[in-house]
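Enquirer: Going down the list, the protein sequences come from chains A and B. Sequential numbering of the first sequence, starting at 1, is according to our numbering. Sequential numbering of the second sequence, starting at 1, is according to our numbering.
Each hint can be trusted.
Distance windows between CB atoms, simulated:
1. A/ALA81 / B/PRO2: 23 to 33 Å
2. B/PRO2 / A/ARG48: 53 to 63 Å
3. A/SER69 / B/VAL263: 22 to 32 Å
Under 7 Å between C-beta atoms, here's a sample of chain B residues computed to sit facing chain A:
4. VAL4
5. VAL6
6. THR7
7. ARG14
8. PRO342
These are computed hints drawn from the structure, not numbers from a lab. Just so you know, even glycine gets a beta-carbon here, dropped at the ideal spot from N, CA and C.
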Amino acid sequence: MAAPTANASMNPTTYSPGEQMLLTVNYGDPDHQRLTVTVTVADAQGNRSAPVSVTAVIDPLTVTVADDSGRTWSRVSDNGAVAVFRAVA
Amino acid sequence: MPRVTVTVRDSASRTASASVAYTVLPPVLGGYYLSGGADPTADMAGGNFRSLTQYRSFADGYTFPGYQRPWLITLGRAGVQLNMVLELKHYGAPDTGPQTFTVDGVRYTVPAPAMTIQQRPGAVWPKAYGYGQVLAGQCDGLFARALSQYLTMGFGVNIQLASELDTDHEFGTTEAGKAYTWAESDARAVQAVTYIVNWFRAKGLPQGSTFSVGVGGFNRDCFRRTHPEALMTRLDYLQWNVYATSPSHTALERFRRTKDWAVADLGPVALSRPVLIAEWGVRVIEFPDQAAWIATVPPAIARLNAERGPLIARTNYFNSGWGTLSPKATGLAALRAAYARPPYG
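Just chain A, same shape as in the assembly (with noise of 0.2 Å):
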């Protein structure tokens, strides 16, 4: 199995106290697969059934955040690949 990786941004680096500050993580795994299963069923008179949909999530991802100056970070965004923190300065 291959290792995620992890690249974090935050644009402007400075700020005055009490601003909003935004963290943007980008993120992955080779290994990491997003499939759909669909699945119909047929009778040997060939009626099939409709199709059903599963999805399944192959190495799965969790992202964690912390802070050395104990700011809480909580989830603004995340589609898998970019998520977005937010945090008060």
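Please arrange chain B on chain A, whose structure you already have, making use of the hints.
Expert: Just chain B, lined up with the frame of chain A:
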């Protein structure tokens, strides 16, 4: 510098980490000045006022805390950061003759001020101790008197030498019958300010004592001339004043103007110094809704401090002259609201 670390973990507990360091600036100190150097305690009560400007003439016998101003000691001990503007300018009363006085057992005689400043045509030109007089050591007694009183205060202050050198020199100066141009006056002032700062720094000063040179900041050439690197190595702050006196004036533009000149024209030592706005104000004639203009100041300061260049550290509202708050209660409420927001925090 705080650091945030991101960890990505897969199902086999393999991890990848990345971190970013960021800076949270210290809060900007919101400050005040009340007309006539009057006691501002009541106006500041209940608001996030942490900075104060005061004006004294070296000619006056009571520099620190000032004549009948015990409240200044109370505010200083409560942590309000004081910007004491000490001027060679003579305020004119009761007389402008020579002075003889004793400081800590030493007798000093200081001659009459020999310079005129603010030589606006048609105006009465104020007298001031001359830059030549300072360099000749004739004003040392004035400095000794101020220092002796300062040492009784029990805390450090910023000493801003001159209120606005550009205002003082705009129409030239005259000392002992000799006229000097604006540029010549600036050069002489730099020498005199250097002398005074060196004089004070050679003494034992309270912890937290800092120095700056006073300018209005309305003239780029003067600002550059009065901030040479050699002087800036002896100073702790940059300083300029900010006023809105035209309907087109925005807070961002007015606070930015002198900063932009500083960034373009000054050296690395000067630009390493934080900025003390000794006076800012919005004139009610052009802005009947002063509160609305005041509300735009916090985001303007935050934006400027996020940009390259020196950080604005203190902003003292000048409730007098151009900045007079009218109605006062509305203006004070606006100031309180502004100083409760970032970047004042």
